[in-house]
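Protein chains: 2
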Amino acid sequence: MHKNETIKSELPLFYCPNMLLGNVIDGDEAFHAIKVLRICVDDKIQITDGIGNAVTAIVTQVSKKAIQYKITEVIEVPKLKYNLHLVVAPTKNMERYENMLEKSTEFGFSMLTPIICHHSERTIVKTDRLNRIMIAVAKQSQKAMFPTINEPIKFKKFMEQTHDITNKYIALCRDCNRISLLEAAQKSPDAIVLIGPEGDFSEEEATLAIQHGYVPISLGNSRLRTETAGIAACHTFYVTNQ
Amino acid sequence: MHKNETIKSELPLFYCPNMLLGNVIDGDEAFHAIKVLRICVDDKIQITDGIGNAVTAIVTQVSKKAIQYKITEVIEVPKLKYNLHLVVAPTKNMERYENMLEKSTEFGFSMLTPIICHHSERTIVKTDRLNRIMIAVAKQSQKAMFPTINEPIKFKKFMEQTHDITNKYIALCRDCNRISLLEAAQKSPDAIVLIGPEGDFSEEEATLAIQHGYVPISLGNSRLRTETAGIAACHTFYVTNQ
Chain Y
485 MHKNETIKSE
495 LPLFYCPNML
505 LGNVIDGDEA
515 FHAIKVLRIC
525 VDDKIQITDG
535 IGNAVTAIVT
545 QVSKKAIQYK
555 ITEVIEVPKL
565 KYNLHLVVAP
575 TKNMERYENM
585 LEKSTEFGFS
595 MLTPIICHHS
605 ERTIVKTDRL
615 NRIMIAVAKQ
625 SQKAMFPTIN
635 EPIKFKKFME
645 QTHDITNKYI
655 ALCRDCNRIS
665 LLEAAQKSPD
675 AIVLIGPEGD
685 FSEEEATLAI
695 QHGYVPISLG
705 NSRLRTETAG
715 IAACHTFYVT
725 NQ
Chain P
485 MHKNETIKSE
495 LPLFYCPNML
505 LGNVIDGDEA
515 FHAIKVLRIC
525 VDDKIQITDG
535 IGNAVTAIVT
545 QVSKKAIQYK
555 ITEVIEVPKL
565 KYNLHLVVAP
575 TKNMERYENM
585 LEKSTEFGFS
595 MLTPIICHHS
605 ERTIVKTDRL
615 NRIMIAVAKQ
625 SQKAMFPTIN
635 EPIKFKKFME
645 QTHDITNKYI
655 ALCRDCNRIS
665 LLEAAQKSPD
675 AIVLIGPEGD
685 FSEEEATLAI
695 QHGYVPISLG
705 NSRLRTETAG
715 IAACHTFYVT
725 NQ
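Chain order of the listed sequences is Y and P.
Per the working numbering, the very first residue in the first sequence carries number 485; after that it's consecutive.
Per the working numbering, the very first residue in the second sequence carries number 485; after that it's consecutive.
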């Protein structure tokens, strides 16, 4: 089986978590493939499992709700050169949060955790919906490595969970001893970046984060909205790791 | 009259292009101030003319459709350290273009020109609406220097108009001799960056641009949507000029 270099834009790309185990696409993906893209037997398709693998395949059978395929080529997918865990407070207007997720997925990142802070106006996040949005964008931008979206977590609990991890940053709006985001990204391609809600982190949260080893960072001189800060953080790691 | 260092988030900021000439806020801004924010006589406000100046003022009179004010302080506004002209093909879905304008306004940039290309599905752009969106975001992110939004222009005409300008870049998706966007931004804080429509620039357009002195750039390894490319271009200049 020879290897192909990239996911190609001229062939449709489907998401199938069990790609290498089974040979069936079902569920929403199959529905979309059959009803919208009208995939037929003998069509050439691409499949990714969202955890770094992608293949080219030939459709061998199409039923009402499933597509069977035979893998013909393994696609050599370049690995993401950075490992960014975005920890962002949900915005009041979820469209903004979804927009941040879309843009960040296009650039590429590893993990998103919605963090519930003292000033958070929203505490409930539908991660199912975020996952559906992420998968659509990841496929459109031809990714084989999808970010993981975690369930929301409270600030204090997240601090405890990440106590022993290095390269942790917290974006603070207030004037304090901060390094720039670019400097942080240049130090290591692996990092956790915390971004607060519309009302910023509380004084207590900022202090707690510093006690847990988080380094305060500045996202620059402009006053950025939460979702724009998330995009800025992701793009900074993207641009410094090309 | 003493000087104040920054535009403050705790005071409302109004846009008044004739700020330094007259002492009246009228039109939409006055309507918003009177009906929504319920501004009264003796209230302290901030005003910007959108071309780099900002002041603190006291409201001296409120009528049905206008606010009169007396300037009390000049605010020393830091200048934008880069001069980025974004030339971006309108997206089919204008919401995406507006989103790019919003994010770019938050970071800060100088000028936006919608460029009509061979593969452009949209050729009409309501710049009035873009201006209203831009002003709302610029005020929210406490800017005193607003970007200029030009009327749409055809690709060939834009090439002719910019022939003699230096630091011009064109984002090309195809493989060719490209420098990175970061490298371009590090060369000079002043630049024109061209970003094509959903179907990319045509071969003829790419060739014409290179003939006119445009340098091909890559926005990185990810396949980015038009509006995400615009945000990436703006953020790259923002992050390299802090």
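By construction, these hints were calculated from the structure, which means they are not laboratory data.
Don't take every hint at face value.
One copy or two, it doesn't matter: identical chains are merged, so the pair holds either way.
Mimicking DSS-like on lysine-lysine, the simulated pairs with C-alpha atoms at most 27 Å apart in a straight line are [as the list claims (entries may be wrong)]:
1. Lys638 <-> Lys563
2. Lys519 <-> Lys576
3. Lys563 <-> Lys519
4. Lys528 <-> Lys565
5. Lys671 <-> Lys519
6. Lys565 <-> Lys671
7. Lys576 <-> Lys492
8. Lys548 <-> Lys610
9. Lys576 <-> Lys554
10. Lys519 <-> Lys640
Exercise. What label fits Lys519 with Lys640 when the C-alpha limit is 27 Å: within, between, both, or neither?
Worked result: neither (46 Å within a copy, 41 Å between copies)
Problem set entry | Status of Lys563 relative to Lys638 across identical chains (alpha carbons, at most 27 Å) | neither (31 Å within a copy, 39 Å between copies)
Exercise. Within a copy, between copies, both or neither: where do Lys565 and Lys671 come within 27 Å Cα-Cα?
Worked result: both (14 Å within a copy, 25 Å between copies)
Problem set entry | Identical-chain pair category, Lys528 with Lys565, by Cα at 27 Å | neither (29 Å within a copy, 50 Å between copies)
Exercise. Using 27 Å as the alpha-carbon threshold, which applies to Lys576 and Lys492: within, between, both, or neither?
Worked result: This pair counts as between: shortest inter-copy Cα distance 23 Å, intra-copy 37 Å.
For this session: Check Lys671 against Lys519 for me: Cα-Cα at most 27 Å, and say if that holds within a copy, between copies, both or neither.
Result: neither (48 Å within a copy, 50 Å between copies)
Exercise. 27 Å Cα cut-off: does Lys576 pair with Lys554 within a copy, between copies, both or neither?
Worked result: Classified as neither: same-chain Cα gap 45 Å, cross-chain 36 Å, threshold 27 Å.
Problem set entry | Within, between, both or neither, where Lys519 and Lys576 count as close if Cα-Cα is 27 Å or less | Classified as between: cross-chain Cα gap 24 Å, same-chain 35 Å, threshold 27 Å.
Problem set entry | Lys563 and Lys519: within-copy, between-copy, both or neither at 27 Å Cα | Answer is neither: 32 Å inside a copy and 54 Å across each miss the 27 Å cutoff.
Exercise. When no copy is named, should Lys548 and Lys610 be tagged within, between, both, or neither for a Cα gap of at most 27 Å?
Worked result: This pair counts as neither: shortest intra-copy Cα distance 29 Å, inter-copy 45 Å.
In terms of the numbered hints stated before, the structure departs from hints 1, 3, 4, 5, 8, 9, 10, listed from lowest to highest.
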